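Chain order of the listed sequences is A and B.
According to the numbering used here, the first sequence is numbered sequentially starting from 1.
According to the numbering used here, the second sequence is numbered sequentially starting from 1.
The hints are simulated quantities; they were obtained by calculation from the structure and are not laboratory data.
As the structure is a prediction and not an experimental result, all values here were calculated from the model.
Simulated restraints, written as ranges between beta carbons of each label pair:
1. B:416 / A:231: 25 to 33 Å
2. A:118 / B:312: 53 to 61 Å
3. A:212 / B:312: 28 to 36 Å
4. B:390 / A:205: 20 to 28 Å
5. A:164 / B:565: 43 to 51 Å
A virtual CB, placed ideally from N, CA and C, is assigned to each residue, including glycine.
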Amino acid sequence: MMKRIIYLLLIIVMPIYALANDEANILLKKGNDQYAKGQYKEAITTYQKIVNDGHQSALVYYNLGNAYFKNEDVPSALLYYEKAHKLSPGDDDINFNIQFANQKTADKVEAGTEFFITKWWHSFILRFSLTTLAVLTILFIIAGSALLIVYRFTNSVSIKKWSFYSALVILLLGFASMFVASRQDQYFDAHHGAIIFSTSVNVKSAPTPNAKNLFLIHDGTKVEILEDNNGWMKIRLASGNEGWINASDAKEI
Amino acid sequence: MKIKLSILTLLLCCSSLVFAQVKFTASVNKTTIGTGEVLEVTFSINANGDRFAPPAFGGFQVVGGPNVSNSVSMINGVTSASIAYGYDLVPTKEGEITIGPATIVSGGRPYSTTPIKIKVVKGQGGQASQQAQQQSSNGPDSRNIQRGRVSDISKSLFLRAEVDKTTAYLGQQITMNLRLYTRVNIANGEPEKIPDLNGFYSQEIKSTNPNAQWRTEILNGVRYNVTDIKQTILFPEHEGNITIEPAIMNFIVRQQAASTSGDPFDAFFGGYEDVKYKVKSTPVVIHVKPLPLAGKPAEFTGAVGKFNIEASLDKNDVKANDAINYTIKVSGTGNLKLLKPINPTFPADFEKYEPKITDTITENAGGSSGNRKYTYLLIPRHQGDFTIDPVKFAYFNPATGRYVSLSTPAFHVKVAKGTGDGSNVTAFSNAGKQDVKVLSNDIRYIKTGTELNEAGSDFYGSGLYYFLLIFGPAGFLGALVYGKWRDKNNADVVGLKSRKAGKIAAKHLASAKQQLNNKKAFYENLFRGLYGYLSDKLNIPYSDLNREKIASELKARSLDESLINEMLDTLDLCEMARYAPVSGITEQQVLDKAQNMINNIENKI
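Only chain A is shown next, with the shape it has when bound in the complex (with noise of 0.2 Å):
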């Protein structure tokens, strides 16, 4: 019985996680080499076709990322950066990438400070990616469900007590990381980010072109995008400064 499921379980879970397609690993392998190089363009270009080709990772998107920096292409490099942070939010290579190219752009942003029991909340349900979490949620759920039927079906009173126990956790394990997984869902979704790619943006007051110019903005920057009206989209800085912008003035995460 516990055979069938395991083997199951391996049969619906092992395609997630081998995506294989021979193709675009091969590509991967022909711009690691071309970033290895020093042939930064050519590395674009070859990790550029496995995004089109529609793989989301946050490895290519990483990759890519720094080889847009190396090309000294600072908002793109943050734009990949930022997609790959989201696919991968505990990913430490990432978030340091960010950070030394957030030290090349012009704004200075400085963040209102978050009380310290939602920042540390943050970093937890930003430490595992999405992926990983449901699929933790998912073994967790239905090893905890294994347990119990272990425990309806033996004979032996020790293994009835332990297999009880275990499931108890495990289960409530299995909960704790969908719920996690939720938060962080609704994370991503509070904070609907954009990269700022025109070289200097007025960010005015209303979505009218001669609207009053609120502030001033720079490529590279970060917003949050608030809404999306005709063309023109409202932003958020982390700094608390919001504003329009012209919606072709950035690009989304």
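Go by the hints and put chain B onto chain A.
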């Protein structure tokens, strides 16, 4: 002497000199005299003249003159001459007497003096002695100095604050001259009070010559020595009537000592006395009009006068982080020093510094004029095409009473990508940003994995995800259902077994019956049949079956004690018969007994 003079006159007349400006004036030493006093009348021409004809001097008696004085000077080959005809007159009657015009011909043209009105009052008489005094080039003209004692100094020594206009617009410049008029000898003079000039922005006109510049001026027909004490340019700061407070000066007037003997020689050689005298100018009221509201441009900030504005940019094709200079120059006449700062709008991306203001402004009797330069240092921080908007400047022209708007051209600046990324960062990063000390000065290396082994983010929330999520609980539920079914089924098996127990026992008994002749096999079969029957019937595994268990189980099922004992006896018998011969009972009897017992149990359970 006379011959000499006439020769000189002749000589002068002969010299044909042309003068640009011929002035022929008449002057008196005082306009009001007492009877018996001597009135000096001087007719002077600053050129050669002939056919001088004095007026009739009606009402006067000529007591001296004509005293002709000639002066000829030759400077750089240009000869200039002047002639003065002096008469001493004594009025013959009181009242107003007019000295008629004197005429002279100079350069073929006739000139005449303006008539002078003299008021003759009853006087004490007395004759002023003549005192010759040399005239220094800049000093007061001695001829304008009254001789003898002056009874009323106020007429002969006064200050006047003269303004070029008494009605002005707000901010329009006014020139004020504080002038000293004197006909007495001044030994010393010092200001006591200089007007505060409240309500004006004032600027003093600095004189290049520290010494007083004296000149002769005729006021109401009387010759005065005049000097400008102070020249100031005033800019009214508010509308309404603004009063310029009087200036006060203290002078020491040197006069001939009063003659004790009345001897003119005494007066001539006699000493002098110094008299302290305070002079106060009359206050001047300036009417300041507000600037008209009609047609006032938005960019007007209070410039009044006549101006011009220019702007220039030193270069318009630069690299990011290179400095450029933008200069605005306002030039003209007016309240330049009061100009409000001009605020040109620069692209927001330009770093701009406070402008450097350079004034080249001079003040003179004509007013304040020159230019003011604003130099802005701009540093474009990012590449791109930028435009410096035109600067608008407006001023009010009091001469025409209208506002004038001026504008500079717009400038286009092309900014190329700057050299060095680092400067870009340091320019904007302030303390907080620079604090970040990056030890590893580069991004982290790419992830060199060659397998795209990461799942898409869309797994979470997908159908597969939810299917797998309910897979576990569903399996568990299935297992529960299965367990329940199995339990129920197992319970049936027991029942069936027990139900079938009799039949199986019967089978065993039947096989035992066939072995009636073989004693050992018979008992063995019978024993197995009974044990098997009890095992199935009582649901006790065969291995757990023993005498005590059978007794307790049968008791639990409330069977008769005798029947239980009989069963146990039979089982004991069967066990014993396997090893030792049995006596007193035949196999057939034992079989029947067993059959009866099974039937009894079947009936009861």
